[in-house]
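Asks: The lines below spell out each chain.
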Amino acid sequence: MGSDAFEITINCIKLILVFLLMVQAVPVLVWLERRGSGFIQNRFGPNRVGPLGLMQLLADAVKFLTKEEFSPKAATKLLFYAAPVFALIPGTLGFAAIPMGSPLHWGNYVFPIQGYDVGVGIVFILGVSSLGAYTILMAGWGSGNKYALMGALRASAQTISYELALGLSIVGIIMMYGSFNLSEMIHAQQGTMVFHAFGNTISTSWLPNWGIFYQPLAAIIFFSAAFAESNRLPFDLAEGEAELVAGFHTEYGGFKMLLFFIGEYGHMMVASGLMVTFFFGGYNIPWTTTEQVYQWALGLMDSSDGASALTSLVHFLSYMIKLGFFLWIFIWVRWTLPRFRYDQLMDLGWKTMLPWALANTIVSAIVIFAVSYSW
Amino acid sequence: MPLGGVIFITVFVSIFGCLCLYLGRTFGGKKPQDNVKLSAYECGIPSQEKKETRVSVKFYLTAILFILFDIEIIFMYPWATSFKDLTAAGLGAYALIAMMIFIAIFIFGLFWEIKSKALEWD
Amino acid sequence: MTADSFLFWMLAAVTLCSGLAVVVISNPIYSALCLAMSMVGVSALFATLGAYFIAGVQMIVYAGAVLVLFVMVLMLFDLKTELVTFSRGKISGLLKIATVGVLAGFLAGAFSMTIEFAEKTGAATTVPTPDTSKALGTLLFTKYILGFETLGILLLVIAIGVVGLARSKGGTHAKH
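Protein chains in written order, with my numbering: chain A, 1 to 375; chain B, 376 to 497; chain C, 498 to 673.
No lab work stands behind these hints, which were simulated from the structure alone. All C-beta atoms, glycine included, are put in the ideal place defined by N, C-alpha and C. Incorrect hints may appear among the rest.
[Stated by the list, open to error] Cross-link-like lysine-lysine pairs, in silico, DSBU-like; alpha carbons within 35 angstroms at most:
| hint | chain 1 | residue 1 | chain 2 | residue 2 |
| --- | --- | --- | --- | --- |
| 1 | B | K433 | B | K492 |
| 2 | B | K412 | A | K77 |
| 3 | A | K351 | B | K412 |
[Unchecked claim] Here are some, though not all, of the chain C residues that point toward chain A, as calculated from beta-carbon distances under 7 angstroms:
| hint | residue |
| --- | --- |
| 4 | Y549 |
| 5 | F550 |
| 6 | G553 |
| 7 | M556 |
| 8 | I557 |
| 9 | G561 |
| 10 | V565 |
| 11 | V568 |
Produce the entire structure from the sequences given, and follow the hints as far as they go.
Replies: This is the structure we're talking about:
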């Protein structure tokens with residue numbers, strides 16, 4: 001975690017800040033979701049409390065806090081209470097592993113602008129987010145309610161089915177960058193598009209060097225599978241209210257419900273963050289490299305420490321804008337598309353997305369081999 | 376090593392979650408409880424049966440098939456990271472063919488499942 | 498005690514305690530959850546050794562797939578009757594005592610051997626390895642290629658067998 005007390009302290013504070021960032025984004029996203037739904041469906045949304053209904057966030061928090069706290073008689077108390085706490089963990093651990101800005105060089109220290117730099121970033125994130133199924137199962141069974149149990153069963157079957165397409169769609173990406181490390185992937189996507197084929201170097205000046213131009217199919221499959229992974233519409237079969245009331249969180253209310261909310265939005269943020277990292281250049285500003293931004297910052301600041309801090313800040317903002325864009329797409333899709341039927345959902349996962357992801361892997365492998373082979 | 380950080384944030388988040396539950400309990404207050412309120416949620420009529428105990432075997436089948444395909448996908452990861460290196464070392468054709476055989480077995484399995492209607496939901 | 502060895506002992510304690518809880522706790526659901534916990538502990542132990550990829554795989558395959566299946570299956574049984582069948586009665590009591598005895602013997606043996614070994618060789622030095630996954634991939638496709646392809650066929654056979662079993666008529670739960 002660091003070599004001396006100062007570095008360890010800073011790293012711990014950084015981790016807490018990343019977590020608080022995630023928690024604080026939730027009320028904003030909830031507000032955006034309600035205003036956005038109003039905007040999309042031609043109605044008002046919250047507009048009474050404060051300017052633009054912004055104070056609604058505060059009112060919601062107070063409401064969550066003052067709800068009566070109780071558990072049904074049929075519930076298994078330990079699991080019933082453990083599930084919402086556990087719901088926070090996968091999202092937080094995954095989100096902390098995604099780089100949010102270029103590393104900050106301060107004196108002799110180097111601080112990565114992310115929770116922690118795991119060498120095998122993507123494998124770690126996949127592993128951690130696969131633990132999300134336990135939360136759902138614990139909540140569903142612990143509630144002692146048949147709707148909750150059915151919802152949990154559906155939700156977990158759905159998450160694991162789409163995990164296959166998700167895992168397979170990034171094989172092409174890993175192959176292209178030759179690494180599991182997210183920082184290395186971002187590093188490879190700097191500047192304008194340059195690629196090496198058949199011994200020649202082809203470069204364009206009008207396209208950023210983003211992963212989506214090399215792996216468009218993988219991007220589509222990854223993003224749709226991410227929707228299913230985070231149980232969002234059009235894949236929110238777990239909460240089909242006409243049949244299952246509210247799915248695995250039927251019996252939850254108040255702060256317990258809020259923790260589930262944070263968990264769900266955490267999943268969304270991890271998915272958006274990965275989307276940005278794999279396909280849209282990570283924290284980089286389009287068409288520029290980290291080095292160019294650093295040189296620009298050096299012109300403004302007189303010390304190299306300050307320039308590095310400014311570079312990190314600019315990249316952090318760039319990352320946040322990209323992240324916000326994908327979070328908005330999550331909301332946009334939710335209020336545009338209707339819900340799938342369960343058999344359609346399973347068919348889409350197993351019979352459409354999995355074969356296409358396989359085809360993508362095969363084609364990528366052959367192309368990468370053909371392009372880099374010395375004929 | 377990032378492991379210390381991972382453990383730190385896990386513990387921190389757990390404490391945060393417990394604190395939230397505690398806050399909810401403190402501020403929520405306690406109102407009179409009765410049997411109807413404490414019973415499992417139903418749509419307005421008394422529950423007809425206990426928790427659902429008989430569930431379609433499809434769910435288990437999906438889970439087991441998921442494990443198998445997941446293992447196959449995991450085996451593609453180390454190949455994917457080292458594929459460019461292997462190509463540079465002149466072993467590219469060899470690695471490509473080796474993986475294509477593996478993927479062919481994968482595809483055969485997948486299409487067999489689809490053909491045998493194991494993935495059919497009704 | 499250095500930070501690394503503290504981490505190791507803590508993780509080892511978590512892994513062993515949750516492993517013990519799997520056999521001691523009588524409610525199967527808690528047992529399965531404890532087993533998942535112990536798998537996460539093993540994965541963290543791999544990470545302390547620098548085998549990050551194996552740690553991730555342990556997490557994805559064991560904690561994220563195999564044990565999810567266990568928990569899913571257990572949650573759909575009527576656990577009350579199973580509990581009575583398996584945890585009451587003289588024979589199961591005797592079995593329990595015998596199991597505890599054998600386990601205690603194994604544990605004592607393992608501990609004494611570990612301590613003896615550690616005294617002989619001194620503390621193990623862990624060399625941080627940067628990225629073992631590439632080396633793993635290269636080895637898998639050069640030296641162990643036959644085993645790798647055989648594994649593909651094995652998985653295929655399992656997949657076919659599973660479907661065959663699930664679709665077979667008869668057995669104790671068949672509808673007549």
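Asks: None of the hints should be skipped; say for each whether it holds.
Replies: Hints, one by one, checked against the model:
Our distance criterion of 35 angstroms between C-alpha atoms is met by B/K433 and B/K492, whose separation comes to about 11 angstroms. The straight-line distance between the Cα atoms of B/K412 and A/K77 is roughly 16 angstroms, inside the 35 angstroms bound, and the hint therefore holds. Between A/K351 and B/K412 the alpha-carbon distance is near 44 angstroms, which puts this suggested pair outside the 35 angstroms criterion. This hint holds: C/Y549 has a C-beta 4 angstroms from the nearest C-beta of chain A, less than the 7 angstroms allowed.
Hint status for C/F550 relative to chain A: holds, with the closest Cβ pair at about 5 angstroms, below 7 angstroms. At about 3 angstroms, the closest approach between the beta carbon of C/G553 and any beta carbon in chain A falls short of 7 angstroms, and the interface hint on this residue holds. Because the closest C-beta pair between C/M556 and chain A is about 3 angstroms apart, less than 7 angstroms, the hint holds. Below 7 angstroms, beta-carbon pairs count as interface contacts, and C/I557 has one with chain A at about 5 angstroms; its hint therefore holds.
Contact between C/G561 and chain A, as hinted, is supported at the beta carbon level, the nearest pair being about 3 angstroms apart and thus within 7 angstroms. Below 7 angstroms, beta-carbon pairs count as interface contacts, and C/V565 has one with chain A at about 5 angstroms; its hint therefore holds. This hint holds: C/V568 has a C-beta 5 angstroms from the nearest C-beta of chain A, less than the 7 angstroms allowed.
This entry does not satisfy hint 3, going by the numbered hints stated previously; all others are met.
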